[in-house]
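2 protein chains.
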Amino acid sequence: MQYFRLHAPHGGIRRGILKTPHGNIHTPFFMPIATRGAVRNISPDELRNLGAEIILSNTYHLIQRPGLAVLEKHGGLHRFMRWDGPLLTDSGGYQVFSLAKRRKITPDGVTFQSEIDGSSIKLTPESVIDAQLTIGSDIIMVLDECPPHPCSYEYAEQSLATTLRWAERSKKHFEKRMKQKRVSPTRRPLLFGIVQGGVYKKLRDQSVRALTALDFDGYAIGGLAVGEPRSIRNKVVSWNTALLPSDKPRYLMGVGKPEDIVDAVQRGVDMFDCVIPTREARHGRTYVWTKRKITSGNSWYSIVNVRNEKYKFDTKPLDAKCPCFTCKSYSKSYLRHLFSVQEVLGLRLTSDHNLAFYLTMMRELQRKKTPRSTEAP
Amino acid sequence: MQYFRLHAPHGGIRRGILKTPHGNIHTPFFMPIATRGAVRNISPDELRNLGAEIILSNTYHLIQRPGLAVLEKHGGLHRFMRWDGPLLTDSGGYQVFSLAKRRKITPDGVTFQSEIDGSSIKLTPESVIDAQLTIGSDIIMVLDECPPHPCSYEYAEQSLATTLRWAERSKKHFEKRMKQKRVSPTRRPLLFGIVQGGVYKKLRDQSVRALTALDFDGYAIGGLAVGEPRSIRNKVVSWNTALLPSDKPRYLMGVGKPEDIVDAVQRGVDMFDCVIPTREARHGRTYVWTKRKITSGNSWYSIVNVRNEKYKFDTKPLDAKCPCFTCKSYSKSYLRHLFSVQEVLGLRLTSDHNLAFYLTMMRELQRKKTPRSTEAP
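In order, the protein sequences belong to chains C and X.
If you count the first sequence from 1, position 249 lands on 248 in numbering that gives the first Met the number 0, and the numbers rise without skipping.
If you count the second sequence from 1, position 178 lands on 177 in numbering that gives the first Met the number 0, and the numbers rise without skipping.
Misleading hints may appear alongside valid ones.
For identical chains, the list gives no copy identity; a pair is met inside one copy or between any two copies.
Pairs of lysine-lysine, DSS-like flavour, derived with a Cα cap of 25 Å [unchecked claim]:
hint, residue 1, residue 2
1, LYS292, LYS103
2, LYS72, LYS315
3, LYS327, LYS72
4, LYS290, LYS320
5, LYS311, LYS72
6, LYS309, LYS247
To be clear, the hints were calculated from the coordinates, so they are not data collected in a lab.
Computed from a predicted structure; not experimentally measured.
Could you build the full structure based on these sequences and the hints that come with them?
This is the structure we're talking about:
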């Protein structure tokens with residue numbers, strides 16, 4: 000069965016449709032993050048109203064709380080959190096990077112010391128597949144090691160070898176489970192491999208070739224958004240998308256600022272997730288369109304900090320043309336007031352707006368006909 | 000013009016309709032609290048969906064933040080916070096009690112030292128009327144002194160004398176403003192006097208007589224819910240409602256637990272406000288019906304703490320018969336999880352439920368035909 004159909008398969012922005020057990024998603028798309036089974040400050044109803052077609056959650060965190068037994072009792076995360084659309088789950092590979100001080104990598108997998116109760120949590124390629132099947136993910140990510148930046152060629156090479164062995168075990172285990180459970184093609188989740196290899200072209204190319212030989216349903220570009228400069232990130236993305244099969248979706252993990260997403264879409268990436276819109280919202284920083292269209296760099300939007308004194312008497316919304324609930328209803332003055340008196344409604348309203356900004360940006364990119372590179376690859 | 004129509008004027012529960020510039024309210028009713036222009040965790044849309052007919056805000060706090068100039072720029076609090084229903088504002092009299100260490104009472108008014116920046120805030124009977132007119136309140140409260148409990152007869156007597164002088168000045172100033180602004184009867188806000196006099200019948204009776212002679216649009220019973228036992232509170236409420244004119248609404252300020260509200264409704268009180276439902280919700284404590292009807296004391300409901308370990312696997316909602324969004328969608332297990340991982344969505348969902356409980360309780364009381372006292376007055 001073909002899960003991905005590309006409307007414009009040759010070069011530039013890849014408009015298409017990705018089919019999952021919980022519905023179709025239009026590419027390129029952005030996934031709001033529900034790390035622990037809830038998007039910070041936002042309800043599933045609000046996500047639907049914002050036009051979100053898919054959300055992302057995290058296997059490592061869900062294993063700890065609420066725990067897989069709780070999710071199994073509910074029949075999966077969808078019913079637990081009342082989200083009936085597509086769901087992608089991270090495997091825990093990012094935590095190999097972000098919780099580097101609390102984990103040990105062995106050939107078999109990764110063992111973490113829980114930051115909650117100090118207990119030991121072991122993830123293997125097989126266990127994270129099983130966990131994601133219990134969670135009920137529509138898109139399952141393999142376990143990988145996300146190395147830091149900078150990282151030596153030797154370390155990147157050795158780490159990639161581990162990641163590739165794990166990818167092979169993941170694919171094998173996933174196919175075994177699908178067979179055991181006799182999952183029909185329409186109910187079958189998608190399994191994504193993750194490209195690693197640091198900032199080294201030889202390793203990146205080797206990673207793509209090895210993964211595509213295993214034939215995953217989609218491919219993530221991992222190991223970026225870990226502190227590398229924008230020019231290096233763009234270069235690595237271009238290497239990877241040039242070599243990845245065009246008939247499979249590509250997901251750039253953890254990226255990024257609006258201009259970073261535009262860069263990557265123009266380099267042939269289809270899927271994104273990032274904490275930036277909701278995290279910035281919690282600090283009162285909101286994204287506002289300054290031009291009618293997406294142009295080069297970050298010149299087409301600005302960041303409005305609603306806590307600023309200058310908005311005290313501003314009766315205008317953040318962005319009069321924004322379709323979000325916040326902009327339809329509230330003035331910058333009211334948002335400033337809510338932050339000033341620490342009413343949590345303020346966080347909800349700015350989160351709602353920033354997610355609307357990101358989702359509107361993706362819809363704009365879906366409409367864009369002529370790709371326009373903002374920078375040489 | 001008659002602002003209050005009572006369907007059942009003789010004894011027991013007073014079903015009726017209170018007319019205000021922003022709409023009618025069915026009595027008896029409960030007002031969710033939006034102290035600083037937002038109900039904690041809840042949007043105006045959600046309040047409407049819950050069936051809230053009126054909300055309450057606080058003059059003292061609004062004067063400080065966002066300040067009257069900001070509200071004036073927006074044309075009042077209604078537009079600022081996007082609530083188009085009736086609105087009652089406290090005058091700041093409760094802060095005379097709750098911020099006792101930061102204020103000085105003089106014959107002219109009260110001077111507070113701001114808890115935000117140490118600046119001096121002076122409230123007079125006239126200034127709080129003007130502030131509430133700027134806020135755009137539908138129901139304006141006079142400035143009073145709320146004495147503590149216990150409080151000597153001498154202090155209560157002296158405090159009452161101040162409160163009554165202020166009530167007279169308030170009424171005079173309010174009428175002057177209505178005349179100056181040529182406010183039509185349908186746009187005219189209601190002005191409420193506040194009964195004080197501690198726990199002393201002589202003073203309470205004197206207070207009611209003096210206020211009714213001034214002919215306010217409604218009367219609040221003040222000076223309760225400040226730590227006195229339930230039996231004393233019920234006694235004082237009975238003294239006051241026995242003497243207050245039956246054709247004017249009565250408002251018991253700051254009360255209370257569900258059974259306290261039932262007690263007071265059965266003693267002829269029409270209006271309530273209390274922080275309990277939203278404050279308890281923030282600690283995970285939720286109200287759940289255990290019987291089909293309101294009966295004596297607190298035997299008809301229980302308090303479910305969603306943080307409890309025993310709900311870890313509980314796939315049932317808090318209350319299968321509750322009409323709120325939370326109960327229609329989520330399990331106790333999910334609520335427990337949200338509190339466990341400190342997702343603010345949890346606070347929103349429990350606040351939503353507790354407000355639904357209080358508002359459902361009021362609708363039940365409106366339907367009750369035979370009043371049933373839970374305790375001898």
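Can you give the numbers of the hints that this structure goes against, from lowest to highest? Hints 1, 6 are the ones this structure does not satisfy, whereas the remaining hints hold.
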